[in-house]
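Please arrange chains B, C and D on chain A, whose structure you already have, making use of the hints.
Protein chains: 4
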Amino acid sequence: MIRFNCDYGEGAHPKVMQKLADTNFEQTPGYGEDEYCVQAAELIRNECKNNDISVHFIVGGTQTNLIVIASALRTHQGVLSAASGHINVHETGSIEATGHKVLALPDEGGKIKAHQIEKYFLNHIHDESFEHIVQPKMVYISNPTEYGTLYNRDELIAISKVCQQYGLYLFMDGARMGYGLCAEGNDLDLPLITECCDVFYIGGTKVGALFGEAVVIKNDALKQDFRYIIKQRGAMLAKGRLLGLQFIALFEDGLYYEISKHANQLAKRIKTALLEEGYEPFFPSNTNQQFFILPNNLLSKLKEKYSYSTWGKYNDTHSVVRFCTSWATREDAVSALITDIQSYAKNDL
Amino acid sequence: MIRFNCDYGEGAHPKVMQKLADTNFEQTPGYGEDEYCVQAAELIRNECKNNDISVHFIVGGTQTNLIVIASALRTHQGVLSAASGHINVHETGSIEATGHKVLALPDEGGKIKAHQIEKYFLNHIHDESFEHIVQPKMVYISNPTEYGTLYNRDELIAISKVCQQYGLYLFMDGARMGYGLCAEGNDLDLPLITECCDVFYIGGTKVGALFGEAVVIKNDALKQDFRYIIKQRGAMLAKGRLLGLQFIALFEDGLYYEISKHANQLAKRIKTALLEEGYEPFFPSNTNQQFFILPNNLLSKLKEKYSYSTWGKYNDTHSVVRFCTSWATREDAVSALITDIQSYAKNDL
Amino acid sequence: MIRFNCDYGEGAHPKVMQKLADTNFEQTPGYGEDEYCVQAAELIRNECKNNDISVHFIVGGTQTNLIVIASALRTHQGVLSAASGHINVHETGSIEATGHKVLALPDEGGKIKAHQIEKYFLNHIHDESFEHIVQPKMVYISNPTEYGTLYNRDELIAISKVCQQYGLYLFMDGARMGYGLCAEGNDLDLPLITECCDVFYIGGTKVGALFGEAVVIKNDALKQDFRYIIKQRGAMLAKGRLLGLQFIALFEDGLYYEISKHANQLAKRIKTALLEEGYEPFFPSNTNQQFFILPNNLLSKLKEKYSYSTWGKYNDTHSVVRFCTSWATREDAVSALITDIQSYAKNDL
Amino acid sequence: MIRFNCDYGEGAHPKVMQKLADTNFEQTPGYGEDEYCVQAAELIRNECKNNDISVHFIVGGTQTNLIVIASALRTHQGVLSAASGHINVHETGSIEATGHKVLALPDEGGKIKAHQIEKYFLNHIHDESFEHIVQPKMVYISNPTEYGTLYNRDELIAISKVCQQYGLYLFMDGARMGYGLCAEGNDLDLPLITECCDVFYIGGTKVGALFGEAVVIKNDALKQDFRYIIKQRGAMLAKGRLLGLQFIALFEDGLYYEISKHANQLAKRIKTALLEEGYEPFFPSNTNQQFFILPNNLLSKLKEKYSYSTWGKYNDTHSVVRFCTSWATREDAVSALITDIQSYAKNDL
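Residue numbers (our numbering), protein chains in the order written: chain A, 1 to 349; chain B, 1 to 349; chain C, 1 to 349; chain D, 1 to 349.
Hints are computed from structural coordinates only; laboratory data are not their basis.
Among the hints, a few may not be true.
Identical chains share a label here; the pair holds if one copy fits it or two copies do between them.
As the list claims (entries may be wrong) - Derived pair list, reagent style EDC-like, types lysine to aspartate or glutamate, alpha-carbon separation capped at 20 Å: (1) K303 to E33; (2) K305 to E128; (3) K15 to E26; (4) K313 to E280.
For clarity, every value in this text was computed on a predicted model and none was experimentally measured.
With the rest of the complex left out, here is chain A (with noise of 0.2 Å):
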């Protein structure tokens, strides 16, 4: 079985996996107050050329968006999110067990609007029972999307203004940033997206590291006592510097980048093939995530030998299936499921 389920399915990139050999004796303070995570945010903070960002790591993306969002918000306060939009859909109600609402917008393969944004929030203001309607307080927004989709520097800074005009928080829930930053077309980057966001994370866990998302607070009123809510929602890895450490490891010599190409290229390769056999894909992607509608019984053929999520079903022949390329996808791999996809194609339809 070759596994292109997810992005997840391997260890961490051996560079990462030296790191944590080498220090493994060294004697550190525990919690995160460790010398590598000094360093480890001092690289992040020139990524985001910015000196005044907050950087804290934390193991995984779910308990990162649940930390932010219980952090910055009042108890009447909900944050908006694509419908599709993790939070709202595969996170098992994280934000409504921290008390909040998340107010779901309808989405375009993932991505919201800066005009639905302003509509919402004066739809809200405008209400004659405002007070008996969860007050939006937050935007949440991930780029990459569920399905791979990239917001583009105009939709990004229209979104940033509108939250800057009503008073409300942007957050990008980056979990997949690398296979964003470095896709074909994208036009965002780290200082652009540290302007436009008050808080955002960037992915370990999905992009080389054994775990850990790196969040970059910029918002002052969002930095406070940020260390207090970590703990309380059980976040604070007792040895903090295998955190510090693995995002030294992606972020000392552009490692991060270069894997992150890597798994856009092999996608790439995917796309291209199941696009000459003439599938529609659901929504078009850059990224390491390829979604297409695909006959079922070509998928009955290709999960004998591959793993892919199954979206859902399309229609009465087809489903939506996602492909997922990684940092540790290998080439070969890539080029079995093409060859297969080809032969299947030709005598199955």
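Frame of chain A; chains B, C and D shown alone:
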């Protein structure tokens, strides 16, 4: 200004007020452990023709909703509701504040259907990531709904069967129960509702009382420790007898039904007048709430003398508005409204 | 049975009842946005000699406590309270249910002292693991306390100063405020309390109203969006005017103070009689609650005719009990109790 | 600087690291549904001599505590704990953040006793206001405790019996389980703990792993849907196999016990040296944590070369401090510490 904007614009029915006045100097135990609450519970058990139900009295509807739901669900479970349901839209995220997600289903005129519930449940348990999604465990319906529409016998029984089959609790919000039970064409009654639901409540606030909702719990699993949770959520009225007394007044001689009929009859007069002028109902209702699509120029005239609720913009020239009657609405107020509608309609359109 | 077990055994003062009856058929907007609530708030601003305070009316004390605290604190913050404080002991964990820890300080007769607060705060910020500990951010005191005792001017000012110095909100629970303000030896008044506290409330439920607490918010940071949170916690009374009307009755001509004095005078008669018989107070009180250490054989006689609260076992032969008077307590009821105490005491001991 | 301040100052035991390195490029399903987690669970079932237990792997201790407790309790229920218990003191109110009160019992050296639990429970159910008080439903103990002390067989069985008699869940925090099981004088073992507890965990973070706690659930009522709650609280590690692999390394050949013994032996050397110099233990411990009352002038010397934890001031001249050993502590580090203690003691006192 004559008010048709809601059904809680006045105090209480004179018989309710009299009951409070007559007993004012009596000394009773607090917190609902008095004889009047016992009597009122007994009256409600008679109405429901079920001696095993637990009956509790709570001041308001939002409180009741959040207490029932927080009492029934484990932390990872959510409650299915019509998207337009009160708990999803008009209670400032009170359910989420207890940690639970409201799982919204598309609705028609405020109603959801048995097959929607079944489909949602089956999709959930068959999803490969089911543990990453809130577990549906309760179904919340309201009767009458937010739009004044009603479930019929077959629909309620079908929903109840689905809930029983899949282990879902069925909870009916009956904030306007009286107006539903006494509506033309209604075929529900309290014994059937008791049979079909695990828990429901009979609203007093909008049907003749100063305040108060009578919660009826049939499912034994939901009875345990319910009073702890009433107290925890700040809903255990110190002078609990005030609730018992009001429900005695409403149910000792059929007052609850009598005043509900009164309100429905007046609502029908308004509805008939609007229909005769050619206006379209937003959803057809036989209860005390009438939602109509009315021209803005008519509304701008009406609002000089009458209040109503604005539900939203329909199009550039029309709005959806609600007229409400209640136990307290006077015949002459309705006559005046109708005369004015007829006169404005003649002149303006 | 004559009841001395609590101060919420009867309905409301006749002037309160009259006000409700007089206005019963008036139509007003709901949710506390009526003219009566505006008037009542104005009366309370006058009592407090402060025009900038926000005033809100809430049905009960537990609700009020949890709303004020949930409104003020971020998720990692807690509230300091006397260990015997109502929120720590008698509200079924309502504060914890909003996510916040009650940080209990040892108290004497229900009171905590400025230096305890200061010490706790300084210990916290100097602890090497401070981020692993709930951050103290609010101080909850009640006046009168759970034991009917009172803070004096110097004590309150000292607590207020410590709170201001360290950025802690000071919140006074005044469920029995009237009995405190009218007690012999009291040197507090509402203007001073307003000056010292960030937020407090003036209790109606136990002082002449059917129900109702008037929340006074002085600190601007705590005013914002307070009504959202009232709604979210199920505490926005549909017929909100009932609260405004009752507070008008209590404050338009000094009724609140008059009936408080009445209760205190009757409590003093009971206290004097018990002291004269040689019984010891558990804590000395000049308010409507009298805690005494009484022999069990006396109590077994008394309970045939009178109810009282049992606070706990004192030793094998004695118990701590509470006698409560209220606006409604009759002189002849107190006389009967005293006569019986004197007669039993003579015979039994 | 040689660190004795905690038992999580280094990385992981080399065998653990090797296991991670050996499997790094393997592809497995995520979220703990891989073969390694299955194997690790099987190893733990063998250790516990019980095939019916559920085993789950979670990254850290605070997470584990809050997940187990939030999973088990209804909203009005609380958890009894030693006042010094980790959940009551050092987890930033993580339990309260899930809505539940920690009910603190006075403890001696971190331990609570069966009769305290029984008395608390009986007081609760006999209290006339029992519904106004959090309902005790779970008992949390840790073994070793916060002070390194241990429960013995009789104590644990007595607690377990009380819990069973009154329907309380018994939960043991075993963050340092290995150091307890391998301590001199210990008479507990995993099968007995499994028999006595409804749920407990075996700590990896402090005993040789990079991170990880193995939760063992015996009570069927607590097994249901546990993985939903792991996900909801952000604790479902994407690369879940990392947890399984580490526990395989720890339990496949007794490494867990071997390294625990090592730590205890080194702790004993420190303890013996301190006792020989006449210093007094704060609480006597045979595990890897040694709490002693030491003179401040000795400490000011020691801290130039060694780190330790300061627990608090003992008196004006002495402090309570903790020395910790672990699987990673070196013999020569302990020898150096002892030599210095002996030398300073000679000169300074």
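So, going through the hints one by one against the coordinates:
no., hint, verdict
1, K303 to E33, "between (46 Å within a copy, 19 Å between copies)"
2, K305 to E128, "between (58 Å within a copy, 19 Å between copies)"
3, K15 to E26, "both (18 Å within a copy, 16 Å between copies)"
4, K313 to E280, "within (14 Å within a copy, 39 Å between copies)"
Checked against the numbered hints listed earlier, the structure breaks none of them; every hint is satisfied.
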